[in-house]
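Colleague: Below, each chain spelled out in residue letters.
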Amino acid sequence: MITVLFFGPVAERVGASRLEVEFHSGMRLQDVQAHLQPRYPEAFALVTLAAVNGEHVRDRSLPLADNSEVVFMSKFSGG
Amino acid sequence: MQDPVRIQREDFSPDEEIRALLAGSKRIGGIATFLGCARDFSEGREVSEISFDAYEPMAVAEMQKLRSEAIERFGLIDARIVHRLGVVRAGDSIVFIATGAEHRAPALQACQWIIDELKERVPIWKKEITPQGDCWVTPHP
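Quick note, the sequences are listed as chains L and U, same order. The numbering used here puts the first sequence at residues 2 to 80. The numbering used here puts the second sequence at residues 1047 to 1187.
Okay, chain U solo, but in the shape it has when bound (with noise of 0.2 Å):
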């Protein structure tokens, strides 16, 4: 089974991810699921491709501070975290979270709260491609 945490630039399947999860435990009775793609427009301009770098090493150890905190924080039973690095074209995934609890509510908090704190604090920056110019992007709240 892969690690529940990781950083690759090939693509991931949600449903492995998933199967994953459950394959852990049969105490879990709600799995809330994030799944972030690349749109194909930013800010009124085209955008063909997106490029991810990333400090990986400092990357990977807060993803694992992420899950942990997460499962101590929310009561979960596990958490998966997976992030694509390279380049991604439009329409393809980028980050996908599933968190595992006994109950729905904790797993849709939970995963809510990874994603808020992966964007502040897991170093990975992106860039915008478009027929205009490559921009790197600016946090958005």
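Here chain L stands alone, though its shape is the one from the complex (with noise of 0.2 Å):
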């Protein structure tokens, strides 16, 4: 299982902050936005970056592990 993580304005735009994927063997980053997308359009409007288990993920073809954490993020506003 995927565990994937909102916070701030694209939380209120899933309308939860924490979602779970089912994981597949070979499965990468894009394919659990490509899963939650349309679903969430609005929400996706806003991601700009994401996290795979508290890293910074440039590349989306990153593949991913068996209960990883993966987080969708807009831009920060922090400080």
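Everything labelled a hint here was simulated from the structure, so no lab data went into it. The structure presented is a predicted model; accordingly, all values stated were derived computationally and were not measured. Don't be surprised by glycine CBs; every beta carbon is placed ideally from N, CA and C.
Under 7 Å between C-beta atoms, here's a sample of chain U residues computed to sit facing chain L:
1. Asp1099
2. Tyr1101
3. Leu1164
4. Val1168
5. Trp1171
Straight-line alpha carbon distances no greater than 30 Å define the calculated BS3-like cross-link-like pairs of lysine-lysine that follow:
6. U/Lys1111 - U/Lys1072
7. U/Lys1165 - L/Lys76
8. U/Lys1111 - L/Lys76
9. U/Lys1111 - U/Lys1165
10. U/Lys1173 - U/Lys1111
11. L/Lys76 - U/Lys1173
Since each chain sits alone in its own frame, please combine them into the complex, following the hints.
Modeller: As structure tokens, this is what we get:
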């Protein structure tokens, strides 16, 4: 299972801060996005950044391991 | 002594952070600080409170990286970074950065570098709470 977390404005548009996506062999980050984006287009319109297991990921073709934690994020506005 | 990099809901004391920085070394000849506060206006609207959300484990890890990178890059003796989460009222403190170096130039340069990088790299989001409704903030340069 892949745990997908959302924060701030993205979480508000998804209507949840956490979802789970079933893992399959060979799964990549882009597959998780392709699965969720059609369901939450308004949320993904804000997404510019992604992280896997707490690390920034620029290459959405990154292979995922089972039990990975994925986060789709909008631009940060802390400080 | 508290950790030099923290995310917390409660307020912090800039004086205590500076004292902690000074307590670490007598080689420090200059300390630069940045205190970010909650304004009571934004884009022409009244703002009563600001609510912060964060991906906390990654936010703390990124802030720790920022501290280490700043120490290395600017030759600092030490640095401290504290950011609040939850709801902050207008006029309250949000973020505090203190950088200590042998001389003023690296301390000042590092302090500006840390707040600029924090805004780009640390997964924290703010929502302004106004009488007209709530609004997530779009980053400013």
